[in-house]
Amino acid sequence: MSSRADAARVATPSMKLLPDKLTRMMFGLAVLIFLVTPLVLDDDFWMTVLANAGAFAVASIGLSILTGFTGQVSLGHAALLTIGGYTVGYFGADHGWPMWAWMLAAILIGALVGVAIGPFALRLKGNYLVVVTLALVFITGYVVENWTSVTGGFDGKSVNSASLAIGPVDFGELHIFGRDFSREQGIFYLCWIMVALTALVGRNIIRTRPGRAMRAVRDRDVAAEVIGVSNARYKIAAFAISSAMAGLGGALYAISLRFISPSNPAAELFLSIRFVAIIIVGGLGTIYGAVIGALLLGPLPELVQEFAGLFDFTIPIVDRPLVGDSPADNGIFSAASFSEILFGVLLVVFLIFAPEGIAGMIRRLRRRLAGRSNVDPDNVSDN
Amino acid sequence: MAERSLLSVSATTLEFGGVSALLDVDFEVESGELLAVIGPNGAGKTSLFNCLNGVYTPRHGSILFEGIELVGKRPARIANLGIARTFQNLALFANLDVIDNLMLGRHHLMKTGLAAGAIWVGRAKREEIANRLICKDIAEFLDLDQFGSTPVGLLPYGIQKRIELGRAMAMEPTLLLLDEPVAGMNLEERNTMTALIQQVRAERDMAILLVEHDVDFVMAIADRVLVLNFGRVIATGTPDVVTVHPEVVAAYLGAG
Amino acid sequence: MVNRSDDPLLVVTDLRVAYSHAIVALQGVSLAVGRGEIVSLLGRNGSGKTTLLRALTGLLPYHDGRIVDGEVRLAGTSVSTMSASGIVSAGVAQVMEGRRIFAELTVDENLSAGAVTLRDRRQVASNRDAVFSLFPFLADRKADQAGYLSGGEQQMLAIGRAMMSSPDLLILDEPSLGLAPMVVTRIRDIVTEINERGATVLLVEQNAAMALSISDYGYILSAGQVAKEGPGRELESDPRVRELYLGAALGTSHG
Amino acid sequence: MEKFFQLFVAAIALGGIYALIALGFVVVYKATGTFNFAQGGFVLLGAYLVYQFGDDWSLPFFVALILAMVVMAGVAAGIERVVIRPMINGPPFTIVLITLGVLLIIEQAVRTLWSEPAYVLTTPWGNGVTEVAGVSIRHVDMWTVGFATLVLGGFFAIFRFTTIGIAMRATAFDQEAAAAQGIKVGRSFSISWAIAGAVAVVAGAMLTSRTGSVLTPGLSFIALRAFPAMIIGGLDSPGGAVAGGVVIGVVEVMALGYLDFDWIGSGFEVVLAYVLMIIVLLWRPNGLFGTRAVQRV
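Chains as they are written, first to last, in my numbering: chain A, 1 to 383; chain B, 384 to 639; chain C, 640 to 894; chain D, 895 to 1191.
You may find that some hints are simply not true.
The calculated label-pair distances, taken between Cβ atoms and stated as ranges, are [as the list claims (entries may be wrong)]:
| id | chain 1 | residue 1 | chain 2 | residue 2 | range |
| --- | --- | --- | --- | --- | --- |
| 1 | B | Gly536 | A | Lys16 | 19 to 29 Å |
| 2 | A | Leu322 | D | Val1029 | 46 to 56 Å |
| 3 | D | Thr1057 | C | Asp828 | 40 to 50 Å |
Hints are computed from structural coordinates only; laboratory data are not their basis. Nothing here was measured: the structure is a model prediction, and the numbers come from that model. Don't be surprised by glycine CBs; every beta carbon is placed ideally from N, CA and C.
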């Protein structure tokens, strides 16, 4: 039998990258939108917002592998983004490393920190581990503030001069087909290309032996051990992958923001919670869920700020607008508070009413459509 | 040299907070043999299994498998040596489908690591396809191929029991531990499972050690029977010898 | 023996129970426990005994189970939809399988925990005295942490704790499990004594000989249904009981 | 030596506050198995409520404090009933994530309801200092030690000697067996959360009056420093929470007082608590007094 025929015989939706026609169509559409958006939306502010969403998506895919596929919750994700950001600041901007080199550095340093958390992941169950990842936030904050020679301390660090070129292509000043793109548009492309690569890597790991082992550890750790899956190895591996992706995401985020500076641990904790909200709303246990979550929730603060006008209707009794654009507007909520509250509310509401997130909704919708038209109703639960 | 037993358990004692769950347990399992362990609730049967595959560490004693000491080894390591197990209350990966569950049984026979997996093209893909073919055969053999990509947690209990057997088969063990393979099954499921276990034995060269409450089932299927009570071995022998052993009858019917 | 048709304390009618995980549950069980009786419930592992008890005592929600159909009546009142604490207040106490004493609490606190449904402090005090008269060693070890008692002592504490709520019906789930034969005999005597002091007893056992020897009536469950029922003596000598309960091979070879 | 005594009193006072926060946390964890990140939010909201009732509505301080405790107890029990209880049998980390969401909401709600950047909480002790044998002791520290002792003592008395306490401990040990005795498990949950809410108010008020009497939303972040306390003590041990709290308080104050090398930099005292926690965890994965989780196959 030919290997092609073998492959066809064993093919299941969980094994294929794009399991069916509809998924392939949706993917094609996504690629098209990606290519066209900078051409249509010629606005640097929104380009930056979308590039940030891409950076968040890269990091969210990492968290999704850790939490969704291996069942370990982390509140240290924001700290890893910070580490990635300073890595590009130090190597990329200060030392002029080429793009491939600082990206690799961000990935490797992220992975190393992840491996360092690993031993705790083995010894500690669930809740204790969550607090150790919280410790990472505090410790990172302390190091960032005090290791001034590398981080610039309280003053922060400009990332602007880091190279964005790979080979002949410079994302800082793209020229394609005689058209010039702004830095923001270039970074948008860069970020979303990295999203695609990260998603591909994530998906490949998930559909092969290591990913299956991680899911086994998540579902039943003792049983996994008994059939020969080492909990130790895969818990640490999940932290390493997740942290590497967070490091890359953080580097991209810093590039997009052009500047990186320390924020207090509470803010870092809230940023970590935002990542948790992203993967929950997007849908745990899927890679594309993390991307959808990041795309929808990543730009939330900017969207709320931009569209604060929509919420500035006056609430009768207190006679103040619901959301005030600026302190002078005297809104019940400031735009920043309102978006944070939205994160919290979305997190709680999704966990209670739609724990499978948007990916789960899509799955159910497709199953219903398939049921009606009698197409192959294969659902893909774990991809 | 005298022929060595596949598994030899000697003077094994397991304690929980001063109470012995197993006390000086001695027995051997020969290659290809089916040995059944019976005994009243709380006799120590599941504890024995947990010692064999490294979930518990006995206080003292020795467990040799193909001449290798198992006491002190981690479960994953013991699995790699060729001991597979099913669980009393099922230990499947509920969110994964049948093939993925079986594939996990082959985990220790595969090599793809993070890097190869991330790249996919090449070795990872080849290995994935080759092993999926094997799992598909097992699924067909156990009549499980009809369940497609449904998460196994949603399948009926009897089917899940069969998937667990399949996962153990996928591990290609030399010794298979079955913890109550027919518990909680109706008569029809029970008959299917009996036939399957006999078929597995006929097709593959492996020894089976099984724990079961259902004495009928044990008598029909076992080469030898070992009876545990209060953590001690009270009788060993062929089914017809054991069933008339006075201590066994007393243990089952109660001393009262 | 009590006349069984005469206004039983507990009546279970065509009870069906399902779990969300598809383990065999109850498929239409009917039985009755008369006032003052000792009734035993026998069956192999997985035959549905514990499920039936959970249904009687309102503990199904802890196992993702629910009563699908049928009814449980206690002294004429339906308790099928009552909460666990409501059922205890209504007069049913249970000694759970595996004892389940509160190991971190003292012996005395365990007894107090058994009496939370009582409002009357004097009643609690007199129940405590009654328990101590039944198990004098508990009085000596009042202040000890319950986890340090031996297996048999823990079983007696569990029985004492259940007696603290002044139950009309005492349910015992495998009280002899994992205990040495001497202790089993002691437990049997205690169950008889509790019954003589006025409580109706429903006894779930796998030690058939022990259970049937003190029972007025017995039911044998198999695969979620009542396979056989009859007066204790009768079941004890019935060869088919051995077959159902212990398996044919062992049963016939012995009989 | 005088410096040491001065620091020591402050350390015990801070330790008492951490012990209170950790206690609220441990009570909920022990009773319901919920790892409640919102406890930091309770501390924050509790302190603002004391300000609202005392300074804004001009109620006497102790009336305001008790009123705030009652309100916070209700809020905490309400949160448990509405968003935690329905999920109690859900996947293990769902509830942790929900409490994170609740923390986010409380924090922003506080910023919204009290929109000034900082408030001054008026207390009977103010900034008073008493000189004892050459050591100046701040009144707030003495009050804090007194309050902490009172609240902790009251809690342990209830926990140990009353029927409610026995019911709570029984529920914490084995929910199903507790229900089988007729204990209303849901009520034990509500009471645990209510206690957590009430002690958070005391901790919040003391923390606020300690930090030079300024109340800011940053308070919930200070409350996060109590995490190492309960981890060191063991998540399910109320006594351990108190011990852990005192240890962290002492370490933090002493580090701040004595470690003033340049290379250590700022904020080391906070990190130190976490570093200490990590060391303890590597040595004893369930904390100093926590029970070991029994793993079943």
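Can the suggested window of 40 to 50 Å be confirmed for the beta-carbon pair threonine 1057 of chain D and aspartate 828 of chain C? Taking Cβ atoms as reference, threonine 1057 of chain D and aspartate 828 of chain C lie about 32 Å apart, which means the hint is violated.
Tell me if the beta carbons of glycine 536 of chain B and lysine 16 of chain A are separated by a distance inside 19 to 29 Å. Check passed, 23 Å falls within 19 to 29 Å.
Cβ separation of leucine 322 of chain A and valine 1029 of chain D, checked against the hinted range 46 to 56 Å: Holds - the Cβ-Cβ distance for leucine 322 of chain A and valine 1029 of chain D, about 53 Å, lies within 46 to 56 Å.
Of the numbered hints listed earlier, the single one contradicted by the structure is hint 3.
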